[in-house]
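Undergrad: Spelled out, the chains give:
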Amino acid sequence: MAAPVTDPPEQLTLDLDGWEGPLDLLLSLARAQKVDLRDISILALVEQYLRYVDRARVIHLDLAADYLVMAAWLAYLKSALLLPRDPEVEPDPEELAMRLQLRLERLDAMREAGARLMARDREGRDVFRRGAAPGLRTVRTATWTAGIFDLIAAYGRVSARSRPVMHVVQDREVMTLDAAIARVSALVGSAIDWRAIEAFLPEMASVALRRSALASSFLAALELARQGRVEIRQEAPFAPLYLRASSA
Amino acid sequence: MRPDTVRAVEAVLFAATDAMSVDAIRSYVEGDVRAALATLAVEYAGRGVELVERGGRWHFQTAPDLAHVLRRDREEVRRLSRAGIETLAIIAYHEPVTRAEIEAIRGVQTAKGTLDVLMEAGWVRPAGRREVPGRPLTFATTPEFLTHFGLSSRRDLPGIEDLRAAGLLDPVDLAFEQLSLEAEGVEGSEEDSA
Amino acid sequence: MRPDTVRAVEAVLFAATDAMSVDAIRSYVEGDVRAALATLAVEYAGRGVELVERGGRWHFQTAPDLAHVLRRDREEVRRLSRAGIETLAIIAYHEPVTRAEIEAIRGVQTAKGTLDVLMEAGWVRPAGRREVPGRPLTFATTPEFLTHFGLSSRRDLPGIEDLRAAGLLDPVDLAFEQLSLEAEGVEGSEEDSA
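Residue numbers (the working numbering), protein chains in the order written: chain A, 1 to 248; chain B, 1 to 194; chain C, 1 to 194.
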């Protein structure tokens, strides 16, 4: 696909597939005209292009529309350049010619730059990186964080979701023996007079829990009596049960 | 400029994906490859990179004493996932508790990783086996758990009633909750059962 | 024994799979990393392996003059089409640049595949939209582009200063440049795909 830029213009192959559009063809013609694009004759270039396109048509080559459009535009530019300058006509043909030249210079510069880029020492072709770099390791140690609110809210969420299930597996609320011993021994320590065992029970709304507390407190009283820490008095079977601190 | 053979051997070994035998190097480099290897070994001695031979094959490697430089420890603060925080909450409120019990309470299976994360965080520990068929492992919280959450003891965890008062029970479930309470005449007692 | 920082930087760059910025190296190595890099660059100059900077990132690579030793049995680097080369050059020297500007300079429409090939190679990336009517996408080169072509920075692009001084890198006057392209709704001028 490389353009035969060194060929004399008349011998340019009439194969339009070889050109990437009219600008490419123009640039090749210009490069053949002179090495420095700044010194080319635009008029001569236009002549060459028009002659080239004419010859292509003579031998019935299918010319893409943009070549013909460029030809028309260049024909207009040529006549504008040859005719005496009409200040009313915009744009100034000299300026159009200059811009065309700038366009060719730009494309040529980029073509040149591309060639120089490709010729550099390229990685994977001319220079190579280490073949088997083991890589650096980053050992990530996670420090987990969560707030107390997150924790409580999570439990609330779980509870709300699963309470019915929970009731099946949960025991009812009770006062444990340990709790009752602690409570009774603490309360009785400050009591000199006999007091009914009910006085040692906590204030509770729940009947079930109160019953559990009474049973536990009774057992606690027996245990504390065994240890010699309380005295128990009962007038008769099922009569009120009284406790006081051991006088010993 | 150093002798071309040494430079060439250096470049070939550097670019190679595997350790290379002398013969393999010779297929790339002309000249006295063995002498070049000896030269390189001396030149690289004491550098951050060294030339070593293992079983007749040569390669460059970083100096062993610099291994610690090549790894970087990065501490990342990460938040617990929803599953993680729920599992942690259940353990905290019910400990010691088995995995099956956690799943029963959460109503979903617990991914293997969830308990691992909690243990990695140092908040949960295995707490012995339960003496029931299968002898399942139980889990409990650790002192670090209390520290992290600013609790002096597990008793500081709010009970169900506190949660309700704080509006942390879902309203829909709350209505249902009320019904079942009235029917059973039982107060929220589960949080004390552990 | 050489200073620890130099050895450590050497080992880190040697072990790394990618080129590393000074900051990235600093996350592994304490001390004066820049000075260590300067020292290493001098020490490795002329060896079979050298230390280079590409777009602010450093890596070791084989010396370019040893290409002939290493090139055998390696895959040929993908050959770019002429359109691809020109398009890459235009992007590199003009970035950020729109597709319309590329077409204005080349004088032909850009085949669909041309930019794709450059992006697939990792040399070109979309670089935001230009705030003009139509908000066209712009393209620019990547750090991999600099690395692949052995450029320390875009300032190293061959002849870029001369081109700029000659006004050949000035913003493209689309209104004029596209005259011949647009006026007739050109067909058939699209170049072969890359």
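Please note: incorrect hints may appear among the correct ones.
[Stated by the list, open to error] Here are the simulated distance ranges between beta carbons:
#, chain 1, residue 1, chain 2, residue 2, range
1, C, G113, B, S27, 12 to 20 Å
2, C, L174, A, R51, 47 to 55 Å
3, A, A119, B, A35, 18 to 26 Å
4, A, R51, B, S27, 54 to 62 Å
5, B, V42, A, A142, 43 to 51 Å
[To be verified] Covered stretches of chain C, as calculated for chain B (at least 3 residues, CB under 8 Å):
#, region
6, 43-51
7, 86-96
8, 106-118
[Unchecked claim] Listed below are the simulated SDA-like cross-link pairs for lysine to any residue, each with C-alpha atoms no more than 25 Å apart in a straight line:
#, chain 1, residue 1, chain 2, residue 2
9, C, K112, A, A64
10, B, K112, A, A115
11, C, K112, A, K78
12, C, K112, A, V69
13, B, K112, A, E47
14, A, K78, A, L37
15, A, K34, C, K112
16, B, K112, A, K34
17, A, K34, C, D162
18, A, K34, A, A115
No wet-lab data here; the hints were simulated from the structure.
Don't be surprised by glycine CBs; every beta carbon is placed ideally from N, CA and C.
Undergrad: List in ascending order the numbers of the hints, as given earlier, that are violated by the structure.
TA: 1, 2, 3, 7, 8, 10, 11, 13, 15, 16
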